[in-house]
Every structure is written in C-alpha cells, then in structure tokens.
Amino acid sequence: MNYFPDEVIEHVFDYVTSHQDRNSISLVCKSWYRIERLSRQRVFIGNCYSISPDKVIERFPAIRSLSLKGKPHFADFNLVPYDWGGHVYPWIVAMAKSKVNLEELRLKRMVVSDESLELISSSFANFTSLVLVSCEGFTTNGLKAVAANCSLLRELDLQENEVEDHRSQWLNHFPESSTSLVTLNFSCLKGEINLAALERLVARSPNLKTLRVNRAVTLDSLQKILSWAPQLMDLGVGSFIHDPDSETFYKLKNTIVQCKSIKSLSGFLEVAPYCLPAIYPVCSNLTSLNLSYALGIPASELIKLIRHCKRLQRLWILDCIGDKGLEVVASNCKDLQELRVFPSDPFGAGNTVVTEEGLVAISFGCKKLNSLLYFCHQMTNTALITVANNCPNFVRFRLCILDPTKADPLTQQPLDEGFGAIVQSCKGLKRLSLSGLLTDKVFLYIGMYAEQLEMLSVAFAGNSDKGMIYVLNGCKKLRKLEVRDSPFGDAALLADPGKYETMRSLWMSSCEVTLGACKALARKMPMLNVEIIDDSELTVDEALCGGAPVAVTADGDDKQKVEKMYLYRTLAGPRNDAPEFVCTL
Amino acid sequence: MLSRDVADDAELELGLGLSIGGRTKHGSSREYGRILTAQDFPSLVSKAIINSNNVASVSGTKRAAAEPASQEGGGDDSPTSASQIVGWPPIRAYRMNSLSNQAKAPHSMEGKRTVSKKDELNHTPEANRLYDRKTSGAVKEAQNLGFVKVSVDGIPIGRKVDLNAHTSYETLAHALVNMFFRSMNPIGDGEKELVNRPSKLLDGLSAFVLTYEDKEGDWMLVGDVPWGMFLSSVKRLRIMRTSEAGGLVIWETGFTYFGKCLLFSYCKYESISLSKRLEFAPMFLKMWNLAVSLFGYCADFFWLTLVASGVAFHSLVL
Chain A
1 MNYFPDEVIE HVFDYVTSHQ DRNSISLVCK SWYRIERLSR QRVFIGNCYS
51 ISPDKVIERF PAIRSLSLKG KPHFADFNLV PYDWGGHVYP WIVAMAKSKV
101 NLEELRLKRM VVSDESLELI SSSFANFTSL VLVSCEGFTT NGLKAVAANC
151 SLLRELDLQE NEVEDHRSQW LNHFPESSTS LVTLNFSCLK GEINLAALER
201 LVARSPNLKT LRVNRAVTLD SLQKILSWAP QLMDLGVGSF IHDPDSETFY
251 KLKNTIVQCK SIKSLSGFLE VAPYCLPAIY PVCSNLTSLN LSYALGIPAS
301 ELIKLIRHCK RLQRLWILDC IGDKGLEVVA SNCKDLQELR VFPSDPFGAG
351 NTVVTEEGLV AISFGCKKLN SLLYFCHQMT NTALITVANN CPNFVRFRLC
401 ILDPTKADPL TQQPLDEGFG AIVQSCKGLK RLSLSGLLTD KVFLYIGMYA
451 EQLEMLSVAF AGNSDKGMIY VLNGCKKLRK LEVRDSPFGD AALLADPGKY
501 ETMRSLWMSS CEVTLGACKA LARKMPMLNV EIIDDSELTV DEALCGGAPV
551 AVTADGDDKQ KVEKMYLYRT LAGPRNDAPE FVCTL
Chain B
1 MLSRDVADDA ELELGLGLSI GGRTKHGSSR EYGRILTAQD FPSLVSKAII
51 NSNNVASVSG TKRAAAEPAS QEGGGDDSPT SASQIVGWPP IRAYRMNSLS
101 NQAKAPHSME GKRTVSKKDE LNHTPEANRL YDRKTSGAVK EAQNLGFVKV
151 SVDGIPIGRK VDLNAHTSYE TLAHALVNMF FRSMNPIGDG EKELVNRPSK
201 LLDGLSAFVL TYEDKEGDWM LVGDVPWGMF LSSVKRLRIM RTSEAGGLVI
251 WETGFTYFGK CLLFSYCKYE SISLSKRLEF APMFLKMWNL AVSLFGYCAD
301 FFWLTLVASG VAFHSLVL
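Protein sequences appear in the order of chains A and B. Numbered according to the numbering used here, the first sequence spans residues 1 to 585. Numbered according to the numbering used here, the second sequence spans residues 1 to 318.
Simulated from the structure, these hints should not be mistaken for laboratory data. All values reported here derive from a predicted model rather than from experimental measurement. C-beta atoms are modelled at their ideal positions from N, C-alpha and C, and glycine is treated no differently. There may be inaccurate statements among the hints.
To be verified - Quick list of the computed label-pair ranges, beta carbon to beta carbon:
no., chain 1, residue 1, chain 2, residue 2, range
1, A, 561, B, 165, 26 to 34 Å
2, B, 171, A, 257, 27 to 35 Å
3, B, 233, A, 173, 43 to 51 Å
4, A, 502, B, 149, 33 to 41 Å
5, B, 233, A, 364, 51 to 59 Å
6, A, 368, B, 233, 38 to 46 Å
Stated by the list, open to error - Heads up, simulated DSSO-like pairs for lysine-lysine below, C-alpha to C-alpha not over 27 Å straight-line:
no., chain 1, residue 1, chain 2, residue 2
7, B, 235, A, 480
8, A, 55, A, 477
9, A, 476, B, 160
10, A, 480, A, 441
11, A, 30, B, 235
12, A, 108, B, 149
13, A, 477, A, 430
14, A, 561, B, 160
15, B, 160, A, 108
16, B, 160, A, 480
17, A, 209, A, 310
Stated by the list, open to error - One-sided and incomplete, this derived list gives chain B residues near chain A with beta-carbon spacing under 8 Å:
no., residue
18, 90
19, 91
20, 99
21, 148
22, 149
23, 157
24, 158
25, 226
26, 227
27, 238
28, 312
One chain only, chain A, in its complex shape (with noise of 0.2 Å):
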C-alpha cells in the first residue's frame, strides 16, 4: 500500500465507514494515521469529557459529523443530580471558533442549551441533520433559530427530550423556501404546534420520509398531512382519536391507503381502540411498529393489530399485551427481531399480565431475535434456559424482573442459572442487564462465556467482591460496566486498575466502595477522572437545627462508603464544569 499516492489510499479508506474499523486503520503506520485523520469526516465520541474539543478538532479538521454523549446511562433513572453536566456549548463554540464545516450533530444525554442551537443555526452554513436524544435544556425558542436559520436542514430528530414549550410556534419560522426536510420528528415536544404551518411545510417537502407529531396534531390534522405525503416511510402518530363514523375518519381511512411505503407507525400517545383499524390497510407493510406509549388498548384490539403485520422486525409494546398476546406474536411474525415490552403499570402490585411464559412463546416462534427488552413480574430458570436454547443469536439481552430481588418462584433458586445459559448460548451478546435474585455464580458464567459482552448493567445482584471480580477478569471487551446497589467494594475496584483504561466508563452506587480505595484507585492511573457524586442528606434532626450537609470531598475520612462513583478514561484530564457536588479525585 506504501507505493500508493495518498489520494488512492484515501480513496480506499472512503469505502470503510465503521468507527471502529477507522480507528484500526489509524493504528496501522503513521501514514496510515495522517490519511485516515486527514480524510476523516464522521466522529463519535462515546464520553464527551474523555477528550476536549480542540483535540478532535486538531485531529480530525475535516469533520463534519459529530456524535456525543454525555451523562452516564443511570441518568435516565434519576440516578445523576440533573446539573451534572455533559454541556455541549463548549463544543459548538470550538467548532464554530476553527470554522468547521459541521453538518452532522449527534446527541445523547447531553444539555443543550437555546444558546448552542442558535449558534449551531449561525455557524455552519451547511448543516443539515440534529439529532437530539434524551437531551434537555433547550426550549422552543432554540428549535425556533434551527428552523429559521438551517436552510439546507434535512433532519431534525427530537427523541424523548424534555423541551420546555415557550408558544415559540417555531414551525411558522421554517421559510418557505425550505423544501429539504427528509426527517422531521418532534413527538417529544408538549406544547401546540400550528397546524395549518405544518401542513404546508409537509407539502412543500417532497423528500419527506419521516413525520413524527406530538400530541398536539389530530386526527383531521394527520389525514390532511397524509394526502400531502404519500411518500412517507416513518409515521409517527400524534393524536388519534375521533368519532369513527366522521367524515374525517373515513377520509383518514382512504388516504392511508394510499400510503403504501410506509414501513414503520409509532407515537399513538393518544389513541381510542375503535380507531385502530384505520391502519389495518398499511400493517402488512410494516416493519417496525411502536405502540409502547398507547395506554389503554386492550389485549384483544392488540392481538387483532399483530395478525395483520407479518412482516413486523420491531415491535415495542406494552405489557397489557399479555402472555397470550406474545403467543399471537410469536405465531405471526416470524421475522421479528428486536422486542420491547414495557410496563404499563410500572408500580402495580403485580397483575401478572406479562410472565416468563410470553417470553419463552417468543422464543419458540421467533428464532431471528437479536434484541430484547422484557419488563415481566416473574422469571425461572427453566424459562430462561429455553430461551438460550431456542434463540442464540441475542446481541442485546435486557431483562428487568419489577421486584429486583425476585428470586425464581418454582424453585426459589437465584436466576444464576438461567442467565448462565443466556450467556453460554450467545456467543455474540454485547449488551446484558440483569436483575432478580443473583449470587457471585451468575458472575463467573459471566466472566466465563460472555467473551463479546460491552456492556453490562447490574442491579442489587451478587454477594461479594468475587462477583465483580470475575466479570472485571473474564469480559475482555468490556467496555461499560453500571452497577447499582450491590455488595462490590474495595477489593474489587481496586483489582485490576488497568481494566478501567481498556473500558468507556464504570458507575458506581449503593456499593460498599470507601472514599479511601477512590483516592487509591485516582492517584494509581491520571488517566481516569473518579468522580465522587455527593449525595449526602441531611437527617432531619440536623435540617431543623439549621446544619449543611458534610460534603464528601478529598479530605473526608477515607473509611467513609461512597454514595456515588463514576469513573472514565480522559485525555482531558479533570473537568472544568463539574457542578460543587461532584469532586474529580
């Protein structure tokens, strides 16, 4: 490759896209590594404070996509103070300060302020694509500036933010020159949106592939948008309610048919079951279908729903579904591959709609799942061991048991054995999470089989030290580890320091980890930021006779367990906007 001029070697790198893949390549040789950064266009940094802004940009001067993420996974638990951090203002200041040609943004648990969109809407006079996942921050006005100022703007993604509504009727502000939109999606938004903007915007947006709504779009609203769109793809539904003998309705019903790509429905965040069979036409299309936010639909109208989607890959639903449910959709959709079942009574004493025999009706019927997300009342071993059984081609296995330390009812026995075989049985499982009645035995299968596991989530599980140890032994790839609420202490942070430069990011909390092994564990490796969350309370005794909290901080009594624990590798080194209640060790 050496006798090649670098336009051709560059040339042959255009053709490896994977991050992965391109970081390999910049191992190589120092030329290798001056093409590949010279030509590289898209970064994803998986932990925004494991490096600063000027450094990507030093490295990477021809970028112009940029994925980041921010807090720790457990902040979507209300597990992290929300000021935590995870700015992305800085970056966009650095980015508009080298006049990078930023087209791409990425985002993910991040805090994005009004102020960082309006600049992004300023500095880039090519961006087209915002993507914003479980961020917050920002508020209608932001979105208002994106809108206005973007002009080649193709995609504008909002999932699951927390957006505060200013009335800022920020879709009036795209221009009607504004004819690029390919994804648009802002079900997250709760405010009202002009109706009658949105419509023209759809209609003059011919590329238009994905329309997601809020709440705030109804019925007549969808049907008029839908006749202006037949192309779309990905339909997210806002509001579907309507009196099923209405012209509108019946109108709804004709111009659905006429939609004859679309291949993915979600949203319903408002929906009447007798209203559901307006979309019987378009199921035999689908492929992907989300009704987890559609409380109050009855088994039954679900049931008749999934007969008439066959072709269905991804479905996320609620547990009213039930275990005959799962068995219907077990039975119809052979090609499925991802499954979400979520609760739809998260604190519910237990009307034990979804169980472990849903699961295992899944596992017979569709043998091409990869991913799964199960919310369930109950577990056993055998259910699970089925499951391995008839389904070894889990790449993400996810399995939340609502009591966390239910142990196995027919047996009363740890589910050890159960995710044993999960994990013995899929050789290419990257991403685990556990729960239920769990000892150290669970750990070393772990340790033992899950040779690809990346990812591994752990909640009120295990005994002792031995149990963090072997995963820390035994997951090569590992790469984030969260633990919650389990009895791993010193000895086990402190085993191998130099596992934790290999991996993303460790969490820590309700452990019996000591102040004394963080400082150990900081001064050994300047690479990692240990940060210590402050989460002491008050009792009331002292609230009342006016006392503060003892804040935790580098000084404090070594033996002293530690609340909160987050820990990652940096080039930073420690960070500069960490809130008072968080101390970089």
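Since the structure of chain A is provided, determine the placement of chain B on it from the hints.
Coordinates of chain B only, in the frame set by chain A:
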C-alpha cells in the same frame, strides 16, 4: 344586633403571623404556604422507619442469597419496596411521565365497548362524550406535568420530583422531606429517643419555606392557590430557609394582611352580610395577590407604609 356582629367578626378575624394558615376552621380546602415544621410531619418518623426498613429488607436479601425469597418481598411488600427505591424500575423519566400523564386522563379510553358500525346501540351519549374536545383539552393541560426540579438551600444536589404522583400539598411536602432528608436509622440511641418521643422534634426548630417559580418567572409561596392552579403554573420548586425566605414570606403576608384589611373595612362600610363576605373574600384575595405580585419587588418602602396603614385600619375599623 351588636353582639351578633361581634360574633360574626370573631370568625373572620385577621391574623398577622407566619402561621396564617393555621386556622383550619376556615375550611379544610384552604391550603397555605406556611412554614413547614415538624408539626406538619407527625408521620415522618414512622414513615422514615418504614423507608429504612424496606430498603434494609431489600439489601438483606441481596446479601443472603440462600434465604428463600418468600421470606420477604413477597406479596404486599414488593410493590412498596419497588416504589420506594430511587430509579427502579429502570424506565426513562420521559416514558414514566408519559404513562402517568395518560393514566390520569379523565375520559376512559379503555375501550370497554368496541364501537362497530353495525351496532347502533353503542352510540350512547356517553360514548359521544368520549370524543369531546373539551375533555381532551383538559387532558392536554395535565399532560404537561412531569418531573420538576427541586432545590434546597444548603444542599448542593438538586433533584426532581414527580408532580403527577401527588394530589395535594401535603403529600408533596411529605415527599420532598423524604427526598432530601435522610431517613433516620433506628439503631442509633439518639434516634431511638426521637422515635419514642416525637415531641422532641418540635423543640428548637429552624424551619423551611416551600416556594415555587411560576410560568412568569416569579417566586411564590406554595399553597396560596388551589392545587390545580398550582400544577398548571409551577415550573420548579425551591425549599428556602426561613432566614432567607423572611423577605418573601413577610412580603406576601404583609400584602395579604393589608388586602384583608381593605376587604373587611369595605364590608363593614357596606354592611355586607357575613355569607356574602365569605363568598367573595377568597376571590378578592386572589386578585389582590395577583395585583401585588405585578407590582412586585421594587417597593419595600411601599410595604412598610402599607403595614402601617393596615394597622391603622385595623384599629379604626374593627
């Protein structure tokens, strides 16, 4: 006649004091943003014990794997433990909000009746009400709730509280105290004493004031308005120490006091009957508070004058 007037007035007595809301005989529906003291949380101690017991029982199980699970966390306990644990079940806050908002929807969407075109009998007026845009409008307002940020003076970590989970100021106050203040470990000696004699909590208090920021960006005392109105205007919460909140509390109380003086003097002048007074007193006070917050914070001097004139009114008129 005179004696009856006096008797009437005794019920509508003014009170200037930080415990204005203490007079519950005015009707239990009036909830005030008064200082939260231990008196408000008589069940705090017992609740705290339940909290720590539940958590302890859960952690007990995880360590003793040999123990059969049926010993604890069986039927009744498990749902309670699940709901006491922070961040469990692991569902994104966005999804939790969405589900709980929908579950609170006033009109039934459970599809108890499947309406088919052929079946005319199903078109009852009740079914038609389901399509009523008005109810869906009210639902839409309730939909915008979810987790709001709460911060406490002196505690660096802010948290979020789920307003959907509460139906009154009391449950919200309970939850906030549980959230920020560590539940007491019943093992310690000093704590045991407190458990046995809850009255000890009442001594030597410094207390807190619960305030909120509304949609217009003003900070108000929690409890001045009915619960529903509070829900529709709250943006975030802050628990202030009395020493810092002093201004806000006295400010609002001063104005309310003056407003009451005006009101009663007017009533007396016009000889308006007692029942009529009771009728429009709350509304008047609401509007008065609104006007007061509009005039806002740049009138400390104004306040002083008002209190002075209020006192004058009080003695002259009543």
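Is it true that the CA of residue 209 of chain A sits at most 27 Å from the CA of residue 310 of chain A? Distance of about 22 Å is within 27 Å: holds.
Would the pair residue 477 of chain A and residue 430 of chain A pass a check requiring their Cα atoms to be no farther apart than 27 Å? Status holds; Cα separation ~9 Å.
Minimum beta-carbon distance criterion (8 Å), residue 158 of chain B to chain A: Since the shortest Cβ distance to chain A is 6 Å, the answer is holds.
Interface hint for residue 157 of chain B, Cβ within 8 Å of any Cβ on chain A: Cβ of residue 157 of chain B sits 5 Å from chain A, so the hint holds.
Holds or violated: are the alpha carbons of residue 160 of chain B and residue 480 of chain A at most 27 Å from each other? Judged against 27 Å, a Cα distance of about 26 Å means the pair holds.
For the pair we were handed, residue 55 of chain A and residue 477 of chain A, check the Cα-Cα distance against 27 Å. holds (26 Å)
Would you check whether residue 91 of chain B satisfies its interface hint, that is, whether its CB is within less than 8 Å of any CB in chain A? holds (6 Å)
For the restraint on residue 238 of chain B, tell me whether the closest CB of chain A is nearer than 8 Å. violated (14 Å)
27 Å limit on alpha-carbon distance, applied to hinted pair residue 480 of chain A and residue 441 of chain A: At roughly 20 Å apart (the allowed maximum being 27 Å), residue 441 of chain A and residue 480 of chain A satisfy the hint.
Take a quick look at whether residue 160 of chain B and residue 108 of chain A sit within 27 Å of each other, Cα to Cα. With a Cα-Cα distance of about 20 Å, the restraint between residue 160 of chain B and residue 108 of chain A holds, given a limit of 27 Å.
Going by Cβ atoms only, is residue 99 of chain B closer than 8 Å to chain A? Given a least distance of 6 Å, the restraint on residue 99 of chain B holds.
Does the hinted range 51 to 59 Å hold for residue 233 of chain B and residue 364 of chain A at CB? Between residue 233 of chain B and residue 364 of chain A, where Cβ atoms are some 53 Å apart, the hint holds.
In the structure shown, a violation is registered for the earlier hints numbered 2, 3, 6, 7, 9, 11, 21, 25, 26, 27 and 28, in ascending order.
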